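Could you slot chain Z onto chain P? The hints should help.
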Amino acid sequence: MKLYYRTLRDLPREELFAPGHRMCAGCGAAIAMRWITKTVGPNAIIVNATGCVEVTTTPYPETAWMHPYIHVAFENSAAVASGVEAAIKTLKRKGMWDAGDTKVVVIAGDGGTYDIGLQSLSGMLERRHGVLYILYDNEAYMNTGIQRSGSTPKFAWTTTTPVGTAIRGKIQWKKDIMGIVMAHRVPYAATASVAYVLDMVNKIKTALEYTAEGPTFLHIFTPCVPGWRYPENKTVEVARLAVETGYFPLYEWDHGKLILNPPSNNHIDKSRRKPLKEYLKLQGRFAHLTEEEITELEKELDAYWQYLAKLAQL
Amino acid sequence: MQIQEVKHKEALTSNYAVAYAVKAADVDVIAVYPITPQTTIVEKLAEFVANGELNAELIHVESEHSALSAVVGASATGARVFTATSSQGLEYAHEILHIASALRLPIVMAVPARALSAPISIHGDYSDVMNARDTGWVIYIVASAQEAYDTIIQAYRLAESVYLPVMVAYDGFLMSHTVEPVELNDESEVRKFLPRQIRPYTLNPKRPVTMGPLASPDWYYEFKYQQVLALREAYKVAKEVDVAYGSKFGRSYGVVETYKIEDADYALVTYGGAAYGNARIAADRAREKGIAAGVIRVRLYRPFPTLEILKALEGVKAFAVVDRAIMFGSPAEGPLYKDIATAMYMNGIDKPAINIIHGIGQRTIYVEDLYKVYTMLKDRPGKEVVFMGVRI
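One line per chain: the protein sequences are P and Z, in this order.
Terminal number for the first sequence in my numbering: 314, no gaps in between.
Terminal number for the second sequence in my numbering: 1392, no gaps in between.
For reference, chain P alone in the conformation it holds in the complex (with noise of 0.2 angstroms):
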């Protein structure tokens, strides 16, 4: 990560994305789309898969963007992206884009990355658009009232995986995103949390820039007050326990080169974590687990933390 922003008096003051939307109070993806759009300038074009940001950001005849603005469909925003940034190559060559540098930008949930939007995001890393796909994670879809994506984590309870005698909430593990868009070689991926935002944006300005070379992607952990049943007052504090708790590690991987950032740096080493207990707690999505339960959902992290010790020596 190239350090942009040194200190919170540094960070970009120009608003883009504008207030009176109606994203839920203590919306994380909502405080995710503020620095987003502030970092990237205003010499973006933005492409928003549909979910909870798209429907609460365009009510139309109101917007909250200050870009230029699209959303097509769930499942297709890398390959409008890839659209939009062939357009800009053309039109350049043919001296018809008149905006300069202009940069493309993905804004898609976790339904429409993991679940539905994951072919088309492959074909897009595949052909090496410079794009950067920035994708918001609350774990579920929320816009339709929290029901089970892949993103879900084990045993969380959900509208789908409920909670009843036979079955405890959702019964398979969060997939790995973030591995499956490493396996596309791509120059430049990085995890980032709405708790740690000087970390965050300067990931995004990071991974902006490398666009030159070819798409890159970040994956933002975004708390959601309903579908996580917190207080709204708790986001930035649950999303910060996630990274304490070595639930959601901060990292970027930078030309094959896995580099844990602070505080996960610091995290191989268990002892150096806060227990996962203080995380699940703050949650009534967890309220029901047991103990066994829990310790299973630590020994899975465990194991995904020596994951990335191995990746983080090679």
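Hints in this document: simulated from the structure, not taken from any laboratory.
Predicted model, so just to flag it, every value in this text is computed and none were measured.
Among these hints, one or two may not hold up.
Claimed, not checked - Sample of chain Z residues facing chain P (criterion: CB under 7 angstroms; computed from the structure):
| no. | residue |
| --- | --- |
| 1 | Ile1059 |
| 2 | Ala1215 |
| 3 | Asp1218 |
| 4 | Lys1372 |
What the hints assert, rightly or not - Computed list of chain Z residues with no C-beta within reach of chain P, every gap over 10 angstroms:
| no. | residue |
| --- | --- |
| 5 | Asp1134 |
| 6 | Glu1160 |
| 7 | Pro1200 |
| 8 | Pro1205 |
| 9 | Lys1206 |
| 10 | Arg1207 |
| 11 | Ser1216 |
| 12 | Arg1285 |
| 13 | Leu1307 |
| 14 | Gly1329 |
| 15 | Gly1348 |
| 16 | Met1376 |
Said to hold, decoys possible - Here are a few chain Z residues that sit away from chain P, every Cβ distance over 10 angstroms (derived from the structure):
| no. | residue |
| --- | --- |
| 17 | Thr1135 |
| 18 | Arg1196 |
| 19 | Pro1208 |
| 20 | Trp1219 |
| 21 | Leu1229 |
| 22 | Glu1233 |
| 23 | Tyr1235 |
| 24 | Ser1247 |
| 25 | Gly1277 |
| 26 | Phe1304 |
| 27 | Met1327 |
| 28 | Lys1378 |
| 29 | Met1388 |
Just so you know, even glycine gets a beta-carbon here, dropped at the ideal spot from N, CA and C.
Same frame as chain P, but now just chain Z:
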């Protein structure tokens, strides 16, 4: 002594003719995905780009859904775009058909028409196109390689005038893979016919707009009604473009083409190459036997040329519509028949009209079959649906 002007002619399949027209139109972005019988179009375009004859970006998408999505993105950014598909590919992209027309994007797409699964059939009929007929696209169904070439060029002028996507369809295999002589226009003249205009609303940071927002019940309907108006406008403009093209390049087709209809008692109404060519020979044969036969071909299928069709049918005693697609469970299973029946009912006209379904999955339509239709019209004119050429 008269000096004959030597025109540039090539032996081309309809697919190649389309590719040549796309090159002449100086398209900026092309989405490429293979599907039979469309594939040779994008292969030819890839050759043009590889040889530096066409200055365009090819996007080698991973599906037809992404193909249409990518050209939606490119068109929204202000580029002139092209893609092509057939059959399952068109079905797969169906969702985006609605979005492309509702976003009012001047996309041009070629569709060599093909049957739908199951069972899988790579061969030609119009099931795919007919399933796309109510998506807000302008749809041409052309009948020769020359017409495919000319119509693609007309399509860009029309699309960029009314801000609607245009589909140019023709017979899979029977046209997409058969060679005909095609007269090619001078490319610089085509570019003069298709001047580059900056559209008022594109994705540009200098003039930011939000495209594809959420509309609640107090707004959505107005958007849809505007699409209705746009298609009505397209009906008028399509005719103007055809006339303008004719006066510049010497070839025009009208929205409905007729053959020996002026004094006909009995008419076949159809679309596409095979049915139209065979129908004209069948009409000639019927005339030899003393039946006053004529043919009507619907070239512009959406928006529907109601007036022209009713005018062409004015003098006939009875007619048959030869459909090459099945709309399962409909009052009459032929899509064009339903459209003409509606047009006649709304205009207070009642005539014997038979709906022939034929050529499904490229089942051969013999001239003899269509000749028989004329004798049916003469001997027992009525209203019925006849599945012709099928083993019952």
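Here's how the hints hold up against the structure:
Interface hint status for isoleucine 1059 of chain Z: upheld, as the beta-carbon distance to the closest one in chain P is roughly 5 angstroms, under 7 angstroms. A hinted interface residue such as alanine 1215 of chain Z counts as satisfied when its beta carbon comes closer than 7 angstroms to some beta carbon of chain P; here the least separation is about 4 angstroms, so the hint holds. Hint status for aspartate 1218 of chain Z: violated, given a least beta-carbon distance of 9 angstroms to chain P, over 7 angstroms. Residue-level restraint check for lysine 1372 of chain Z is violated (minimum Cβ-Cβ distance to chain P is 47 angstroms; threshold 7 angstroms).
Look at aspartate 1134 of chain Z: its CB is around 19 angstroms from the nearest CB on chain P, clear of 10 angstroms, so calling it non-interface holds up. The beta carbon of glutamate 1160 of chain Z is kept farther than 10 angstroms from every beta carbon of chain P, the shortest such distance being approximately 14 angstroms. The Cβ of proline 1200 of chain Z sits about 13 angstroms from the closest Cβ of chain P, beyond the 10 angstroms cut-off, so the non-interface label holds. Non-interface call for proline 1205 of chain Z relative to chain P: violated, since the shortest CB-CB distance, roughly 5 angstroms, does not exceed 10 angstroms.
For lysine 1206 of chain Z, the shortest C-beta to C-beta distance to chain P comes to about 5 angstroms, within the 10 angstroms cut-off, and the non-interface label is violated. Listed as outside the interface, arginine 1207 of chain Z is inconsistent with that label: its C-beta sits roughly 8 angstroms from the nearest C-beta of chain P, within the 10 angstroms cut-off. Annotated as non-interface, serine 1216 of chain Z brings its C-beta within 10 angstroms of a C-beta of chain P; the closest such distance is 7 angstroms. At the 10 angstroms boundary, the C-beta of arginine 1285 of chain Z stays outside the reach of chain P, the nearest C-beta of that chain being 50 angstroms off.
No beta-carbon of chain P comes within 10 angstroms of the beta-carbon of leucine 1307 of chain Z; the shortest separation is about 35 angstroms. With 10 angstroms as the threshold on Cβ separation, the claim that glycine 1329 of chain Z sits away from chain P holds: the shortest Cβ distance comes to roughly 28 angstroms. Here glycine 1348 of chain Z stays apart from chain P, with its beta-carbon at least about 41 angstroms from theirs, past the 10 angstroms limit. With a minimum CB-CB distance of about 47 angstroms to chain P, methionine 1376 of chain Z clears the 10 angstroms threshold, and the non-interface call stands.
Every C-beta of chain P lies more than 10 angstroms from that of threonine 1135 of chain Z, the closest at about 14 angstroms, which supports listing it as non-interface. With 10 angstroms as the threshold on Cβ separation, the claim that arginine 1196 of chain Z sits away from chain P is violated: the shortest Cβ distance comes to roughly 7 angstroms. In this structure proline 1208 of chain Z is not separated from chain P by more than 10 angstroms, as the shortest Cβ-Cβ distance comes to only about 4 angstroms. Against the 10 angstroms criterion, tryptophan 1219 of chain Z falls within the reach of chain P, whose nearest CB is about 5 angstroms from its own CB.
Every beta carbon of chain P lies more than 10 angstroms from that of leucine 1229 of chain Z, the smallest distance being close to 18 angstroms; the non-interface claim holds. Residue-level check passed: glutamate 1233 of chain Z sits 23 angstroms from the nearest beta carbon of chain P, beyond 10 angstroms. No Cβ of chain P approaches the Cβ of tyrosine 1235 of chain Z within 10 angstroms, the least distance being about 27 angstroms, so the stated non-interface status holds. Residue-level check passed: serine 1247 of chain Z sits 28 angstroms from the nearest beta carbon of chain P, beyond 10 angstroms.
Look at glycine 1277 of chain Z: its CB is around 37 angstroms from the nearest CB on chain P, clear of 10 angstroms, so calling it non-interface holds up. Distance to chain P confirms phenylalanine 1304 of chain Z as a non-interface residue, since its nearest Cβ pair spans about 28 angstroms, more than 10 angstroms. The Cβ of methionine 1327 of chain Z lies farther than 10 angstroms from every Cβ of chain P, with a closest approach of about 26 angstroms, so its non-interface assignment holds. With a least CB separation of 52 angstroms from chain P, lysine 1378 of chain Z remains clear of the 10 angstroms interface cut-off, as annotated.
With a least beta-carbon separation of about 40 angstroms from chain P, methionine 1388 of chain Z lies farther than 10 angstroms from that chain, consistent with its non-interface assignment.
Checked against the numbered hints above, the structure violates hints 3, 4, 8, 9, 10, 11, 18, 19, 20; every other hint is satisfied.
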